[in-house]
Amino acid sequence: MMKQSMMAMIFTLMTMITAMTATAATLEEQLASYRTQGAGTFDPKAGQTLWTTSHGTDPEVGEKVCTACHLNDPRKPGKHRKTGKIIEPMAVSVNPQRFTDPEKVEKWFLRNCRQVMGRECTPQEKGDVLSYLGGL
Amino acid sequence: MTQTTPTNIIVWDWPTRLFHWLLVATFGIAFATSGDDPLLRVHLWSGFLFFGLIVFRIVWGFIGTRYARFSDFVASPAHVIAHIIGVLHRRPQRFLGHNPAGGWAILLLLGLGFLLALFGFLVLGGQEGYGLFAGLLTFAQGHQAMEIHEAICFSMLALIGIHWAGVIVESFLHRENLVAAMFHGRKRVENVAPSPNSVPTHAKLAIVIALGALVTPTVFLLSMDSKPLWANNPGLKITHTWEVACGECHLPFSPSLLPSRSWEALLAGEEDHFGDILALKPETKEALRQSFTGHSAEDEPTEAAYQINHSVQKNQTPQRISDTPYWRKKHRNIDVETWKNKDMGKARCDGCHADAKEGIFDDRAITWHAPFNAQSKQSPENGR
Chain A
1 MMKQSMMAMI FTLMTMITAM TATAATLEEQ LASYRTQGAG TFDPKAGQTL
51 WTTSHGTDPE VGEKVCTACH LNDPRKPGKH RKTGKIIEPM AVSVNPQRFT
101 DPEKVEKWFL RNCRQVMGRE CTPQEKGDVL SYLGGL
Chain B
1 MTQTTPTNII VWDWPTRLFH WLLVATFGIA FATSGDDPLL RVHLWSGFLF
51 FGLIVFRIVW GFIGTRYARF SDFVASPAHV IAHIIGVLHR RPQRFLGHNP
101 AGGWAILLLL GLGFLLALFG FLVLGGQEGY GLFAGLLTFA QGHQAMEIHE
151 AICFSMLALI GIHWAGVIVE SFLHRENLVA AMFHGRKRVE NVAPSPNSVP
201 THAKLAIVIA LGALVTPTVF LLSMDSKPLW ANNPGLKITH TWEVACGECH
251 LPFSPSLLPS RSWEALLAGE EDHFGDILAL KPETKEALRQ SFTGHSAEDE
301 PTEAAYQINH SVQKNQTPQR ISDTPYWRKK HRNIDVETWK NKDMGKARCD
351 GCHADAKEGI FDDRAITWHA PFNAQSKQSP ENGR
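In order, the protein sequences belong to chains A and B.
FYI, in my numbering the residues of the first sequence are 1 to 136.
FYI, in my numbering the residues of the second sequence are 1 to 384.
In case anyone wonders, no lab produced these hints; they're calculated from the structure.
Take these hints with a grain of salt, some might be off.
What the hints assert, rightly or not - Pairs of lysine-lysine residues, derived as PhoX-like cross-links and limited to a Cα-Cα distance of at most 20 Å, are as follows:
#1 B:340 with B:330
#2 B:330 with B:357
#3 B:340 with A:79
#4 A:85 with B:346
#5 B:357 with A:85
#6 A:79 with B:346
#7 A:104 with B:340
The structure presented is a predicted model; accordingly, all values stated were derived computationally and were not measured.
Just chain A, with the same shape it has in the complex (with noise of 0.2 Å):
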């Protein structure tokens, strides 16, 4: 009886062992194919800096910030600015869903960075804010 329930128990560990692997592998990978795109080393940091600057302000939509949507915590839930749909956490810690679809990341890095920096971020840009994200 002892060692059925104590291999359970390993079996259980070893499962949630390999999903949280699987989860960081994917959030590896989209930090590793930046890389390859010329990217060096990433810096939360800077992830951070970028999270929080502003851009000016548009006329239309208001400020061109992140954080006029995401917040400044991003573990807590954002709103869109118009429509008021609510945007889950962006912090893996608190919803690990995030950056699990590489196509959905890139779709909303392309639509958020042209519309927040008027431009396409680079992908030393991209993998800072992805390491700040998800070192939170």
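Fit chain B to the given chain A structure using the hints.
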């Protein structure tokens, strides 16, 4: 003319009298509550009762008491003309029951009433998607049925006018109160041997039929209410691409809420989608185009699709659903504060319409109504 002792006999039996005044009441209520929205329910109830009454009266016209029968009051055209000439000479023949002209008015009123209810059922099925003919008619067909429904109603109003004129003229010429007679049922009899005219035994049977005619539609309506169509309706088609591409920022509005030229314009203007850059991939754009092709306001059979499409001028291309005249008309009584409510807002149809995502917009799926006495305010322009 020598007179024997005048006596009073029951001419209008009580089922006929009851029928008459209930028909007046239901017609009046239905007329006062015509149109849709909150009063539609009252309109339907009175309409169903009205239909049941008409069915009863037709049956009663065959098995009722003497003066209630069609055989008593449906006269030949020659008699009708003769009677009208008599009225013009102020010397019409007196009839205990309906006179020849009045008899035809009754027959026409019953016939039109039957058709009125029948077309009402068609409107209900076509425009609101429930009742006997739900799912059998498109909204456009329901709309045509409504025009006929209204035409029949106004024909009936004209006939009622003639009916009143007849009642007044004959009351005056024969010096009797015909309106009162329809309440107590008695009329004066001169030199005619009074024949007993009580409700015969088979009246019971007829009353059962009458009850059935009243109760059946009532039960029918109740059963419809317990299972509104929208609750089981899978709704209009939304593709996966549409749901994801639109639904990540707002309710994935049904393509049926704008004409296809509007969706085309939105695709063309995706670099400035109300201030947002969509940066759509060419294949996503194409998939979105596929999603609205054949499913736009001009294509879908729902009320919202039909009304929005018909409210927009052909040379106009609104890019917001809330810019279409029909939408504005329907939401004109909602004040600014209500729009600011966190669950509402113009991008949040589902804040009030439980079936918004399915694109149905059934009246019964509305969970919040503007108060009746709300001031008619022009909704503020959307800030971009």
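Each hint tested on the structure:
no.	hint	verdict
1	B:340 with B:330	holds (18 Å)
2	B:330 with B:357	holds (18 Å)
3	B:340 with A:79	holds (15 Å)
4	A:85 with B:346	holds (12 Å)
5	B:357 with A:85	holds (15 Å)
6	A:79 with B:346	holds (16 Å)
7	A:104 with B:340	violated (31 Å)
Of the hints listed earlier, the one the structure fails to meet is number 7.
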